[in-house]
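Position 6 of the sequence shown, counted from 1, bears residue number 702 in the working numbering, the numbering being contiguous throughout.
Rather than coming from a laboratory, the hints here were simulated on the basis of the structure.
Among these hints, one or two may not hold up.
What the hints assert, rightly or not - SDA-like mimics (lysine to any residue), calculated; alpha carbons at most 25 Å apart, straight line: (1) K1101 <-> G1071; (2) K865 <-> A928; (3) K1111 <-> F1035; (4) K748 <-> G1169; (5) K1111 <-> R1073; (6) K748 <-> A737.
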Amino acid sequence: MTIAFPMPDPAILARRDAIVEGLRGLVAPEALVTSEDERRAFETDGLTAYRKMPLAVVLPSTTQEVAAVMRYCHEAGVKVVPRGAGTSLAGGAIAQEDAVILGVAKMNRVLDVDFSNRTARVQAGITNLAISAAVAHEGFFYAPDPSSQLACTIAGNIAMNSGGAHCLKYGVTTNNLMGVTLVMVDGTVVEIGGDHLDSAGYDLLGLVCGSEGQLGIVTEATVRILRAAEGARPALMGFGTVEDAGACTAAIIGAGIIPVAIEYMDREAITICEAFAHAGYPLDAEAMLIIEVEGCQEECDAMLARIVEIAKPFNPTSLRVSQSEAESAAIWKGRKSAFGATGRISDYICMDGTIPTGQLPLVLERIGEITKSYGLRCANVFHAGDGNLHPLILFDINTPGEMEKAEAAGEEMLKLCVEVGGCLTGEHGVGIEKRDLMTYQYNPEDLHQQMRVRAVFDPAWLMNPAKVFPLEGRIAA
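Given these sequences and hints, build the entire structure.
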């Protein structure tokens, strides 16, 4: 699978100097990146196998500056690629040669916190974890927690509708987003939603969340903050087969129990993460679950006891319940560091698909068969509780043909997700990575309707134009 990019517009490239001069008057000098060396820092994102040098990079500090840049690019017919922290694993923030990257990383302030109504209004360039840090002193937190939460921005979380380990109980970004300030492609600024439970009329907020920067640029967001639980306790449960771990997960959910998180690792992932975090993971297990519950001590004890009973028919080989905050932190350090720990030992592609939880045993078996058929290794680590899979396909970029094998294996895994009743993505988005697989999940009529909605917001396809939809068959408004 080779990902294609559209050819750059030679007329735009020829006008580069004039376009840069036009942008120069709209933002502070340090907010405009034009030299080749400086632009190179923005040529890729978390999907580092693909790189494109942007025409220029603009880093505004206010909504007004974003609006001015958008208005100028719209009038000049220049494409815009929105960017948060560039942690996208689906290539959602990779540039084009004839496009301006508009980054919101400088817009990183908390604007207002209303503890009584449990809301926070923030600029969209703030990092995910910084919101929880800003409200922790009052015992609150922001629930969505992607593994990149130390670096990823709320702008990117909204674009991809990101989740995280604790989304099983608390939901993903769309369940914790109440309102946004959106700058449209022509520079118009609109407010959608707000600090109230529900808005009248069409669910435009639901449309924007997960739209991958194709409808406009979010500059501010109102999010839901939650009161932190009295306590939380993760447990490690090892299994002799990946099928037993998958079946146990399905049984827990089927029993109506909703832990805060159920995270899955196979033997490959256990070994990689234990070598990095030294968390005491069971190295003799073929698969492991991290199951976290929360509440008062009695509630945690009761829920863990019930989970252990449910797990018994699936023959767990080990069970360890955290006995301290330090132990809990170590357990989660291993899981949260899985991508980085894997990067220490190998090149890899991180896939992202979603399946019905009842299909976990079958899908895990098939992932193993797919990986073996290509002569590769795969470390499975994912949000098992809601069926959001993250197989890490390991390869050597210096071995000719191995990256192509890894991409082909990943394509088969994503198609498998669709075949068992799931979908191509859970929280990483489509970006460029899954763009050409959209026809596998959607028929032409489905895609046509989606593109009609997109074209209403952006008739000329200037916003993040190489992403999400196949390059062939695109429509205007």
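A quick look at each hint next to the structure:
Only pairs whose Cα atoms come within 25 Å are accepted, and K1101 paired with G1071 is accepted, the gap being roughly 9 Å. Between K865 and A928 the alpha-carbon distance is near 13 Å, which keeps this suggested pair within the 25 Å criterion. About 23 Å separates the Cα atoms of K1111 and F1035, which keeps this hinted pair within 25 Å; it holds. Taking the CA atoms of K748 and G1169, the gap is near 23 Å; set against the 25 Å cutoff, the hint holds.
For the proposed pair K1111 and R1073, the alpha carbon gap of about 19 Å is at most 25 Å, so the pair holds. Between K748 and A737 the alpha-carbon distance is near 11 Å, which keeps this suggested pair within the 25 Å criterion.
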